[in-house]
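Colleague: Residue numbers (this note's numbering), protein chains in the order written: chain R, 421 to 675; chain H, 38 to 366.
Fair warning: there could be bad hints in the mix.
[Unchecked claim] Only some residues are given here: those of chain H computed to face chain R with a beta carbon under 8 Å:
no., residue
1, D66
2, L69
3, Y78
4, F81
5, V91
6, G93
7, I94
8, P156
9, V157
Please keep in mind that the hints were generated in silico from the structure rather than gathered at the bench.
Predicted model, so just to flag it, every value in this text is computed and none were measured.
Backbone N, C-alpha and C fix where the C-beta goes; we use that ideal spot for every residue, glycine too.
What follows is each chain in one-letter form.
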Amino acid sequence: MNRALKVGGFIAVAVALAAAGCGGGQPPAPAPAADAKRVDPATAGSVSGKVSFEGTAPAPAAIKLESDPACVREHPNGMTADSVVVSNGGLDNVFVYVKDGLGNYAFDAPAGPVKLDQKGCRYTPHVFGVRTGQPIEISNSDQTMHNVHGGGTANRQFNYSQALQGMKNTTTFTAPEVMVRFKCNVHGWMEAYAGVLPHPYFAVTAGGAFELNDLPAGTYTIEAWHEKFGTQTQSVTVAPKEAKTLTFTFKAATP
Amino acid sequence: MITLNRYIKLVAASVVLLIAAGGMVTSTDSGLAVPDWPNTYGHFMFSFPLEKMVGGIFYEHGHRMIASTVGFLTIILAVWTWMIEPRRWMRWLGVIALGAVILQGVLGGITVLFLLPAPVSIGHAGLAQLFFCTTVSLALFTSPSWRHPRLPLVDDPMLRRVTLTTTVLIYCQILVGATMRHIEAGMAIPDFPLAFGHLVPPSWTAAIAVHFTHRIGAVVVTLAILATAGHVWYHHRSRSELTRPATLLVVFVLTQVTLGAFVIWSGLQPFVNTAHVVNGALVLATSLVLTLRGRRIAFALDGAATDMVRNARQAGGLLPGSELGRTRA
C-alpha cells in the first residue's frame, strides 16, 4: 500500500512538473512595482525623426508563388518581398523604440488586441509593436492553409494551424523581446516581426518617419531595428515638453 | 530467399527516397508546415486532400506519406524475414529494422509537436541513417553472393580495422552534419574553401565551430576512404566484391565534397542540400557494405547453416534454433 502511494505520489509530482514545464502556457506579465510613477501628460515631451536610407536601394526581391495556386490567384502579376522598402529616401518597417532610460514608470494596459492578418499570402503588418501581456489576434484571410510559427528566445514558441479562411488564434508575450518572429512554413517567404515591450514608446516607420510621444523628461537610448540592416542606437535627452528630432541612417552596403 | 532479397533491396531503395524527402523538409524549412501529428490539419494522413499539398505542406506531408509507406514495407520485411529466414540473428535484425522505423516515426512526431528541438531532430536524422544501414545490411546478408561465396573468404585484420574505422568516422561526420543543419549553421561560414577568407575562422561561435568541425570531418573522412580504397586495391585487387564498393566509395566521397562546396556556393539551395544528404547516406552504406564484406569470415558458416536448415526442412525434419545458433557462432 505504502509503495503504491509512493509510486502514485511520484507520478502526480512528475505530471505536475511536466504540466508546469510543457503545457502551462505563458507566465503572466510581471506587474508594475508598487512605487512606480505615472507619466504626466502636461510635462511630457517627444522624440520624432526619420530613418533614412543612403545609397541605391536594392530592387525588391520577387517571390516565387507557384508552390501555392491560391497565392498566385491573389497576385497574378507577382509579388515582391517587403523586407526592404524605401520610399522618399526613408526606410520603412524599421522598429524604433526606447531601449533604455525609462526608469520606474507604470503604464496602463492597452484595451484591445494587436491584429496580425495573413492576407494575400503575406503578413500584415510586416513589423509591429506590442505590449507585454497584450493579446495578438492572428487571423487567416486567405483561401489557403497557413501555419503560424511564432515565439522568440525570451517568449515561448507556438505553432498554430489555420487550415481555413477566417480562423483566428490569440496569443500573448509576457517577456520584453525585440524582435519576436512569426513565420509560415507553408509559404516560406511569409515572415513578420513583433517588438514586445513593457511600455508604449515604440513606432514602426512609414516613409521613414517615426514619432515617440508622451515621453517623460529624461535621457534615453533609442534603438532602430531593421530585419536586414540590423540595429542602430542613439542617446537623446528630453526636457519637459521638449520635442526632439533624431535621424538614423542605414546604408545600402550594410546587409 | 532470392525474392526476399529483392524485396529488401526495394525497401532499402525506398529508404533512400525517404531520406531525400526528409532532406527536402529540412532544406525548405518545412518541418512545421503541418502543425499537428499524426494527423495533417485535422485530416487522417491518407485522406488529406492532394490539392491542399501546397508549399511546405507538400514536403512535410509528402515525407509523412513516404515514411508511412516505408513503415508498412518494413512490417512486411520483418514478418517475411521472421517466417523464412533460418538464421535467428537475421530474424531479429528484421525486428530491429521494424523497431527502428517505428521509433523514427515517433521521433518525427515528437520533433513536430515540440517545434523542432535540435536534439530530437538530430536524433531523427541520425536514426534515419541507422535504419538505412539496417536495410542495406539485411539486403547484403540475404544476397546469394553473401550466402554462397565462390572464393575463399578474405581474412585480413587490417582490412577489418580500416573499414570499420572509416564507417564509424563517416557516421560521426553525418551526425555533425545533421547538427549543423538543425542548429541552422549551414551558412555560419559563408565562403568555401576558405573560412571568412582564412584557413581557420578568425572568430568563433558555436555555429561556426560546428560548421568548421564538419569541414575538418570531411577532410578526415576523405583521407580515411582513400586509405581504405588504397588498402583494398593494393592487397585485394582480384576481389571484385571488395574493389567495387571501394571504388564506388571514392566516387561517392568525391561527389560528396563537391556537393558540399556547392551547398555553400548556392547559399543552401534545397535540392543541392538534399543531394548532399542523400549522397552522404550512400557513402555510409557503401562503406558499411565494404566493412561487412571485409568481415565475411566472421559469418563463415552462414551459408552452410542456411543450407543445412533448408536441406533439413526439405527432408521433412527441422533443426532446433539452438543448434542453428551454435552453428553460426
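Colleague: Next, verify each hint and record whether it holds.
Modeller: Hints, one by one, checked against the model:
The beta carbon of H/D66 comes within 6 Å of a beta carbon in chain R, closer than 8 Å, and the hint placing it at the interface holds. Look at H/L69: its Cβ gets to within about 4 Å of chain R, closer than 8 Å, so that hint holds up. With its C-beta approaching chain R no nearer than about 4 Å, H/Y78 sits inside the 8 Å limit, and its interface hint holds. Annotation: H/F81 was flagged as interfacial toward chain R, and the flag is violated, the nearest CB pair being 14 Å apart, outside 8 Å.
Proximity of H/V91 to chain R holds as hinted, the smallest CB-CB distance being about 4 Å (cut-off 8 Å). Using the Cβ-Cβ criterion of 8 Å, the hint placing H/G93 at the interface with chain R is satisfied: the shortest such distance is roughly 4 Å. Checking H/I94 against chain R by beta carbon gives a least distance of about 5 Å; that is within 8 Å, so the hint holds. With a least beta-carbon distance of about 15 Å to chain R, the hint placing H/P156 at the interface is violated under the 8 Å criterion.
The restraint placing H/V157 at the interface with chain R is violated, with a minimum CB-CB distance near 14 Å, outside the 8 Å limit.
Taken one by one, the earlier hints fail for this structure at numbers 4, 8, 9, listed in ascending order.
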